[in-house]
Amino acid sequence: MSVNDRIATSSDRAVAEGPVPGGRSPRAAPNVLRLVVLRELRTRGLSGSYIISSAVTLLIVLGLIIVPTIFGDSTTTYRLGLVGDGNQPIIDSATALANARSTDSDAQTTFETRAFEDIAAAETAVEEGELEAVLVDGEELVMATTGGLGGSDVQDLVQQAAGTRQVESLVGEERAPEVVDALTTDPLQVRALSGQDAQENEGRAWIAYGGLVLTYMIILGYAVWTLNGVTEEKSNRVIELLLAAAKPWELLAGKILGISLLGLGQFLVTITAALIAIRVTGAFDLPVVPVDMVATLVLWVVLGFGIYMVLSGAAGALASKPEDAQNAMTPISMMAVGSFFLSFAVLDSPDGLAATIGTFVPFTAPFVIPIRAAFQVLPLWQHLLAIAIALVTTGILLRVGGRVYSGGALQFGGRLKWREAFRSAEL
Amino acid sequence: MLEISGLQKRYGDVVALDGASFSVARGRMLGFLGPNGAGKTTSMRAIFGLVRLDGGALQWDGRPITNPARLGFGYMPEQRGLYPKMKTKEQIAYFGQLHGMSKAAAVDAAVSWLERLGLGDRLNDPIEALSHGNQQRAQLAAALVHDPELLVLDEPFSGLDPIGAETMADVLRERAAAGSAVLFSSHQLDVVEDLCEDVAIIHEGRVVLDGDVRNLKAASPHRVLEIEVDGDAGDLLRRLDGVRSSTFDGHRYRLLVDADADVRDVLAEADRNRSVQHLSYSTPSLSQLFKEAVT
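Chains as they are written, first to last, in the working numbering: chain A, 15 to 441; chain B, 482 to 776.
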């Protein structure tokens, strides 16, 4: 080899042309919305936190329904100490009274009694919690405390039994039951103008209440996911790469839709399981599954997602770090908490002024309407108008929130204000 | 061909872009230079529609840049970022799909690029499990997966070790050779000088110098003369006309002279009477051009 061969020639200049991985494949307009939704479903739906939180919610709800029917009011036993004479007739009356009043044929109330020689020993037993009370000579009831919330069942029962004994001695044994009846039961028959019978109404109220708590938990819980999801994309800076390929509204809407679907999935699974459990165990004596109620509940969870998810997605774009995100979320959480408390007022008075106003305010409606529908006091026109208001509000929020999102997405210094982000929207 | 003309952008009182114009041709690589805050990142973001411009125009192949055109662009932002918990292969394929690839093609391309960049055994690891250098490689794969016609990289060499830098340089050369237009910013002027046919130097929002590096150098009004002889060459050099500046490190003189200054007499004298250790006469380096352009 001559020395000149070691001198590079112009052909060495050409770059070794590597393979073109994947080749230049044809580019179709991607369905960004679908891709973003699928990514959210895949990465979050299979995550441990989603599966565990869904399972825990399901177990709690099922537990609340099933456990009382297993251990519920089958047999109640009161432990009573007896000192002196004249106590047994009162105990007998109390047992009869309790069992006569119970609506549940399986329920049994019994008194377990223990005789004491002197009152001091009996009082010690009460203090140590071995006994609920001590009856002394048919004239005195000794308890650890009196009063407190809800009073004491044993105190009420024994008092009534003693009263019955006194009435018997006043009017004679034959007429005594009539007199006692007149004093202790509701003398008037009650006829409700709306709704079915009392038991069904009670069942509906329970489902409305349970549905409300579940709606609140799920809307707020998944709103926080949306909030953190957006802030995370900002804090790990992947947002710039995403925005280089997709429009802000596609990214925001995809995230909202994906997370909402997961939330709705959890809601549907929980509520379906709960209804099945109610039917199987007969927990609320419901004659049929109240389809209208469940449909209203699901509809308003969807509408509630629309409103609260858009707001929290925009709030997420205001923060650059997760710790700032919570602050940005505060007004939205306050709104949800306020609506939750309002809905308790609605439970008390489903036809009142607060209920009517709450129906037409889109932020409170998801919590108020299912309750009013459960009590069957929501006129159709009000329901339709509320749906229209919620849809229009969601549309407006999407535009405003989308703009806040695009204004905030690429600003990384500290926490932005809503107005600043809205004004500085770049995209 | 990417053509950027007259970009204007203000943030409040701060002027970020003040009429910046330059172009990048297919099959060529352009180094985008400028001091911090000169407007490099804002210009690059503008290509992807991430900045609402106050004025100016951006064209690709003679047409205004639209969203469908951007699907054919690849981007590596200055602030790197991927989903930390998402698997590497899945994530790169996701970006391919966002750019319009079918799922199968995106997965294939993700795998080949990751293998090519040395991440073949980390395909199913989440990004957060990768080292910093490997995350950079994954970031490059995200910019390349859809085989972009225009590749825009903001400081791609920052934070890379020498091996990583070499891989990056190879890939960029290869993409340009395959016909893509490649635009990247850097503060490492030697890297740019080594890699790029073209440069654009931006200063205070305006492009103050741009074009083919060789032509720019040739067009410079200055030349660099370096000389080292046994003994002192100072007396010899003082005879020269047109010296702009000079430095002497104890052994070697480095002179910036006018391009039309006649140095032949001095060189001949040195060759005849001194023992020459080093002698060079050249166009200025890119770093010299840069300093002249921004001061």
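FYI, nobody ran anything at the bench for these hints, they're computed from the structure.
Take the hints with a grain of salt, since some may be wrong.
[What the hints assert, rightly or not] Below, a list of computed lysine-lysine pairs in the DSS-like style, where the Cα atoms sit at most 27 angstroms apart: (1) B:K566 / B:K584; (2) A:K431 / A:K335; (3) A:K431 / A:K261; (4) A:K335 / B:K566; (5) B:K584 / A:K335; (6) A:K261 / B:K566; (7) A:K261 / B:K568; (8) B:K584 / A:K261; (9) B:K584 / B:K698; (10) A:K335 / A:K261; (11) B:K584 / B:K568.
Hint by hint, here is what the structure shows:
1. B:K566 / B:K584: holds, 20 angstroms
2. A:K431 / A:K335: holds, 14 angstroms
3. A:K431 / A:K261: The hint holds at about 22 angstroms.
4. A:K335 / B:K566: Judged against 27 angstroms, a Cα distance of about 17 angstroms means the pair holds.
5. B:K584 / A:K335: violated, 32 angstroms
6. A:K261 / B:K566: With Cα atoms ~23 angstroms apart, A:K261 and B:K566 stay inside 27 angstroms; holds.
7. A:K261 / B:K568: holds, 24 angstroms
8. B:K584 / A:K261: holds, 20 angstroms
9. B:K584 / B:K698: Distance of about 47 angstroms is beyond 27 angstroms: violated.
10. A:K335 / A:K261: With a Cα-Cα distance of about 22 angstroms, the restraint between A:K335 and A:K261 holds, given a limit of 27 angstroms.
11. B:K584 / B:K568: holds, 15 angstroms
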